[in-house]
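Chains as they are written, first to last, in this note's numbering: chain A, 3 to 139; chain B, 10 to 358.
Honestly, I wouldn't trust all of these hints.
Partner residues aside, some chain B positions facing chain A, computed with beta carbon under 7 Å [stated by the list, open to error]:
hint, residue
1, 61
2, 62
3, 201
4, 308
5, 309
6, 312
Simulated from the structure, these hints should not be mistaken for lab results. Keep in mind the model is a prediction, meaning the values are calculated, not measured. C-beta: ideal position from N, C-alpha, C; glycine also.
Read off the chains here:
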Amino acid sequence: MHEEETGVMAKMSFEDAATRYGAEPGGGAPTKVKITFVDSQGQARSVEGEVGSTVMETARRNDIPEIAAECGGACACATCHVYVDEKWAEKTGKASQMEEDMLDFAFDVKPNSRLCCQITVRPELDGLVLTTPAQQG
Amino acid sequence: MNQLKEAAIETDVVIIGAGPAGLFSVFELGLLDIKAHVIDILPRAGGQCSELYPEKPIYDIPGLPVCTGQELTDNLLKQIEPFHPTFHFNEMVETLVSLGTAEKPEFRLSTDAGKIFHAKVVFIAAGGGSFQPKKPPIPKIESYEGKSVFYAVRRMEDFRDKNVVIVGGGDSALDWTINLHPVAKSITLVHRRDQFRAAPHSVSAMQELVAAGKIDFKLGQITAVEGEDGELASAVLKGNDGVVEKLACERLMPFFGLTMKLGPVADWGLQLNENLIPVDTEKFETSHPGIFAVGDINSYPGKLKLILSGFHEVALAAQKAHRYVYPDKKLLFQYTTSSTNLQKKLGVS
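Construct all of the structure, not just a fragment, from the sequences and the given hints.
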């Protein structure tokens, strides 16, 4: 990429962020990241997740199917169960003890299972790929 | 059943659901001398507050900077004490039939425990619906339910001399593993990990049984079942190590917690909109006169599923309910701070 182009892109994304989120000038980190949800039938849906919100909230805001999120994000229902794509497992991190306990209530739990209300959207998760199970509750 | 029918419970109002909206309905209706019976499928009051987040803090109850779901429930129960509501726990309202007219409504309700209620008005405060056991995605499991697949133990005798498979790692799974093992022919406990949420003494009791060879413990999940005419013969276990094996299984008990299902509400002939009950915002009455819907289960333009919205809704609905219950009485609006009449009802005058 040419230097000139990089400059333009940086400026655009900065203006974008400033108008939409009132970011302070000089703040370089992106405020939105791309998250892809692949449903149990294999259909992929890519949406924008806002940094600081949770992946579950992102799914709900974008009407992602197969995410029920009955309890609204209290880590109390295990109906926002997702499988984290292998490549992203390290960046999303491991489930906490409370989350592991709640995962007992989910079906077909695998080593890469997470409850997505417990994954906070961060700049380094740009490109995150998750798969949703066929049955939540 | 016939005897029970004859002994129908007569009441002013039946409140379906003992969550915050249902509990505060008792209060607002009680101030207007409307006596309540409250029915809930759960074994205790509180609804989602006590079932889903008893220990989690709530920050948006007006006047209470922070309280947990359980504290809110306990406070509401204390607040409605003066009105002596009658609770019917572990029961689900199955049928709701209208017997009256639009001007003089009357209803007959029946529960899955066989109780019959006659009420002048009905408050549906059922939140997200009824809490029902989560059913694992095992093909055809429903054809075995009630005969050889159980989500709760009603009679221990159903398990006598049977090969029993119990799935889960919480108190229900471990309690029944321990309690049924002297009765059953064999018990296999299946859980996805070797950690358990159950009470520590249950975990050690279970582990002792495993060590003594009295029960089996398998790490993995049940993926399929086999049998005939509702009677199970075996269950397929997929171990965490990938090994698939067939377990002798005549009784299966999956314990995956509870989920909210709208349930029988859908069959009561009420207008529904995406599993919610549309109401007006003056009286929070449904499409059927005398039936009100309050809290998370209703919908109207601008609806927010907040506990505080539910509280507002029940206060307004109670005003209209009064006209049905006491058609000849004029309702005088009063404040609890100044009305000696209300204070007498609250037992504080």
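Structure-based check of each hint:
1. 61: holds (4 Å)
2. 62: It holds, given that the least Cβ distance between residue 62 of chain B and chain A is near 5 Å, below 7 Å.
3. 201: Holds: closest Cβ of chain A sits about 5 Å from residue 201 of chain B, inside 7 Å.
4. 308: Residue 308 of chain B check fails; min Cβ-Cβ to chain A is 17 Å, beyond 7 Å.
5. 309: Residue 309 of chain B check fails; min Cβ-Cβ to chain A is 20 Å, beyond 7 Å.
6. 312: violated (15 Å)
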